[in-house]
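Novice: Each chain, letter by letter, is given below.
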Amino acid sequence: MKRFVFHCLAVSSLTLATLAHAETRPEYGGTLRLTMHAVPSTLDPADSRVPDSFARRSLTSLIFDTLVVVDDAGRTKPGLAESWQAAKGNQRWQFRLRHGVRFHDGTPLTGEIVAASLRFANPGWSVRGDADSVTIDSEASQPELPVEVALPRNAIAKRDGQEKLSGTGPFRILDWQPGKKLTLAAEEDCWRGRPFLDGIEVEMGRSFHDQATALEVGRADLIEVAPEQSHHFSPAKGRLASSQPVELIVLVFARDSSSPDDKLLRSALGLSVERGSIQSVLLQGAGQAAGGLLPTWISGYGFVFSSQADLQKARQLRDQVQTARLWTLGYDGSDPLARVLVERIALNAKDARLSLVPTAVGLTDLRLLRIPLACADPWIALENVAAQTDLPRAQNKWSSAEELFSAEKAALATDRVIPLFHLPVFYAATSSLKNWTLRNNGSLELSNAWLGAAK
Amino acid sequence: MSFRRKLLIVFALTVFLSVACVAILVQWVTRNAFEKEENQRAAALVTQFQREFTKRGDDVARRVEAIAASDSVMRMAQALNGTSSDFAEYFDLARALAENHQLDFLEILDVRGTIVSSAQWPAKFGYPDPAFESLAPSTQEPFLKLEDLQDSTALGFFAVRVVRAGDRAVYVVGGRKLDKNFLSALDLPADTRALLYQNRGDRFSPDLLLDPGGNDPNPPRPREKLAPLVEAVRKYDQEISGIVDWSSDRADEEVFHAIPLRGVGKDRPLLGILLIGNSRRSYVELKRRIRDAALLAGGGGIVLAILLSSWASARVTRPVVELARAAQDVASGNWNTSVEVEGHDEVAQLADAFNRMTSELLTQKERLVQTERVAAWRELARRLAHELKNPLFPLQLTVENLVRAKSQNPEMFEEIFRESSETLLAEISNLKGIINRFSEFSKMPQPHLQRVQVNEIVEAVSRLFQAQFQARGSHAIVCRMQLDQHLKPIAADPELLHRALSNLVLNAMDAMPNGGTLTLRTREKDGKVAIEVSDTGSGLTPEECARIFTPYYTSKQHGTGLGLAIVQSVVSDHGGRISVQSEPGKGTTFVIELPSNLDAVPATAPSKQVTAGNVSV
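Chains as they are written, first to last, in the numbering used here: chain A, 203 to 657; chain B, 61 to 677.
For the chain A half of the interface with chain B, some residues (derived, Cβ under 8 Å), not all of them:
hint	residue
1	Ser479
2	Leu484
3	Glu545
4	Arg546
5	Leu549
6	Pro560
Since the hints were made in silico from the structure, they are not lab data. Just so you know, even glycine gets a beta-carbon here, dropped at the ideal spot from N, CA and C.
Starting from the given sequences, assemble the full structure and let the hints guide the process.
Specialist: Written out as C-alpha cells, the structure is:
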C-alpha cells in the first residue's frame, strides 16, 4: 500500500513538473487577436497628419524598428543601430547600422534609406547616410538625440510611393484596411528572430465596451481597457496590465489671456475643478490628479504643482471681474470619458459662477485634450506637450532639473493650460497570452509574446 | 327675344341654378361633416394621447418600481454612508440600471436629495437634485417633469419610489422622454400629426418644438407660425384650437388643437403643449373637386341646354312658330291656312285645334258670306221691290185713271191724258234713275293710283258742298276743317276718293236736317293717313253701326243704301279701313284710314284732277 501511494505521488509530481515546465516554455504559432478603439488611417510612423496615440505606437513597434531602443529604466540600447557616437558637442551624431538587416520586401537596410526615413520624419534635420551608417547634424547641442531617434515617429520605414511601406520589425503587413483591420504576419527572417506568434489581427474602432465583451466571449485575446473601467476588471476575465501615468489630460486655451481679468478668470477656473472627486468617481480611482504637465515619475517634482480645488478662492477671483463672458469648452465627441469630464468641469465652473458650455463641434475658447506623453525623457516629453498645446518651448533643453522645473513653471504661468490628470493606459489579455508587456510610452511589447494554446 | 332664345335661357338658367344649388348644398354638408369628423378625430386623438400618456406613465412607474425593488438598489440603500465614496462606488449604477430597464432618465438620490448616481447626467453626482422638493415621497402616480440635461432640457414621464433600508433611504427617480419617439408611436391617421412644444423661456422658440415629421420642405412649415397658438395656451392655460395656414394655398392649412401638459407641484407648471394637427388638404381638395365638378356640370349643363333647346325648338317652337305664322295668316285674312300636326302632345292638339278652328272659320265665313249674300239679295229684292213699287203704283193709278177717263170722261180725256203722261214719264224717269244707281254700284271701277295730297281732296269736297251748306237757311250746316298740314302724300285714286268723301258728307248732311256742324279732319295715325268726317246729328245705335256698311242697308227713310257700301268698296280697294264711331244723340264720326302705299304708284300713272263737278252718289 505504501509503495503504491509512493508511486502515485512520484508520478503525479513528475506530471505536474512537466506541465509546469511546458507552461513556461514559449510556443510558436497562433494568431493574436488584438482590438483597439483608435482608427488610424495610416501605418506610417512619421505621418504627422495622424495624431500620436498609444495604439499607433503599438502598431509601429510591431512593423518598424528604431535605430535606438529605450528600456523601462530609461537606458538606451541598440536597435537598428549597433552603436552611436556624438561629436562636436553633441551637434553631430553618427549611428552605425546593424548588418544583415532587411526590410520586409527584401531590400537591405542602408544608410541612405535610414537617412531618407529620418528626413521624412524630421524635415528640419540634416541627415545623411552611406552604406552602413547615418549621420545627423544639428545646429544646437542634442545630448539626448539617441532618445529622440528612439521615439516611434522616428522608426525606420522604407517608403516606395504613397501607400507602400516596408519595415524591419518582427511582423510585416499582410492586409491593411485603414481604420478597420490590420493583418500582420510573422517575419521569418527578422533580425531580432522570428516572433513566436504567426500573426496578429488587429480590429480597430471598437469601443471599450465592445472590446471587453469580445475578450469575455473569446473573440479577442488582447484589448484596451478604459481607465475608468479598470477598477471593475475582473481577474477572472484575464490579466490586466497598466502603464505608468503616460497620458496627460489638460484644458488648453486657444489663445493667450487677453487681459488681467482673463487671467483671473482662468485662474478661477483652474481652482474650481474638483480633481479629487473627478478622479475618484469619474476615473474610478485610476490615474492621478495633476497640477503640472509632467507626472512625478517623469519629472520627479510633479507633486509640487497643486491640484487641489479651492472653490472659495475661485469665487473670490471671479468676483474681482465684473463681467465673465461665456466660454465654450471643446472635446472629442467620440470619447465618452472626455464628455463626462467636461460636463463635470462645467458644473464645477458654474459653482464658481463661471459659464462654461461644452461642445463637441467647432472652434472653442478652450479644449480638453488627452496627450500621450512622448517618452520617459522629461525634456522630450515637455517639448512634445508644448508642441501640442502651443506653449513656449524650453530654451535650455537637457540642462538641469531646475531648468526643467522652471521651463514647466513658465509654461504653466502663461495660463494657456490647466493640467487635470495623468492617466496610465490599461490593457487586458486572456490568460493564454503570455509574455506581453507595456512599455513606458504606453505601447505594447508583443515581439516576444506567445499564445499558450496553439490557435 | 324669340321663343327659342327664351327657351335656351330658361334651360340654361335652370341647369345652372340647379347645379349651383346642389354644389352649395354639398359644400355646406361637406364642411359640416368635415368639421364634425375633425372634432371627433381630435377628441379621439386627445383620448388616445391621454391613454398613451397614462400607459407610458404606468410603464415608467413599473420600471422604476422594478429598479427600486432590485437587489442592487437595496444593497445601495443599506451601504450608503453619505460620503463621497458613495459616488465612486455607484457612479455607474444608474446608467446600468437605466439601460437594463430601458429608461431614458434615472437618478438615485440619497435622503437629502443629493444625486448619488445619474444615468442622464453622470457628471452631476454629488449635486442636489433641484426638483427634489417637489418630488414628495407621497407622489405615487407618474408625472411630467422637465429634466435639465447638460446641453438641453427634456420633457419626460417620471415616477419616484423610495427604498428604505432601516433608517436609510434612497429615492429612485426614473423616467422616459416625451420626445419624437413617443409622438411617432402614436397611432395617427394619415392626415394627422402630433407635435410637442416644450414650454421653456418667456417667449416662443422654434427650437423647442418637437416634430417627428421633421422639416418637410413641401410645403415649408416655418415653426414660427405656431407661435400664436402656443402663446395663447400659455396665456389662457387651456385647450385652444386654431387654423394655421402654411402657404397661400388653402389646401396646406392645418387645424391644430393645443393641449397644455402640466407638471407636479402646487403650482402645476405648464411644462409642454401637445399640438395635434389635422390637415385640411382632403377637405379643401374635396371642396375644389366639388366646385370643379359643379363648374363642369354647369358648363356641361349649359351646353346640354343649348343642345336641348335646339332640339326642343325643333320639337316645340317649330310647331309654335308655325302656329304663330298661321295665326298671322288668318289675322291678315288668309283663312285657308292649316298647320302640320305631328305627334299627340299638347302642341299637336293645339295645332289640330287650330286647323279645326280655321276650317270652321272658313266654313262659317262661307256660310256667313252666303247668308249675307242671301240677306243682301233679300234686302236688294226688298229695296228693289220697295223702290220699284213706289214709282209703279202711281204708274198703275195713272193708267187706271186714263182707262177710267176714256170710258167715263172722254171729254176730259185729253187733259187727263196730258197730266197722266207727265206723271208716267216722271215715274219712268225715276225708275230709270233707280236702275242706273244699281247699275253703277255693280260697275265700281278699280282705282287708278296716283300720288295725291288728301288735304286737297278734302278741300275740294268741302268747296263742292259749300253752297248746299248755306242753302239750308236757318238750318245751315257749319263746315269745320281740321287738316294736318304736314300730311304726307299717299297713293290713291283722287276721283274715287272724292266720291267716297262726298258720300260721307251727304250722309252727314242727311243726319243733320236741322243743321249742325260738319267737321272734316285729316291726321297721320300709325303711319297711315286718317280722314274723319264727323257730324252732330242724331247718331247711330250699335246695331246700326254694325250693319251700316252692308249694301242696301240704310237708316234713312229713302235712298238705296248703297252710298256707304260704295265708300267701303273704295276704301277697301285702296287697302284701307273705314270705321264708325257713334252714339245715339251724340253724332257720328266716320274714320277712313288709308296706307301710304306710294310704292304701288305706277311710274307713268296718269294724273286725275279733282274738280268740284265730280260728284257721285
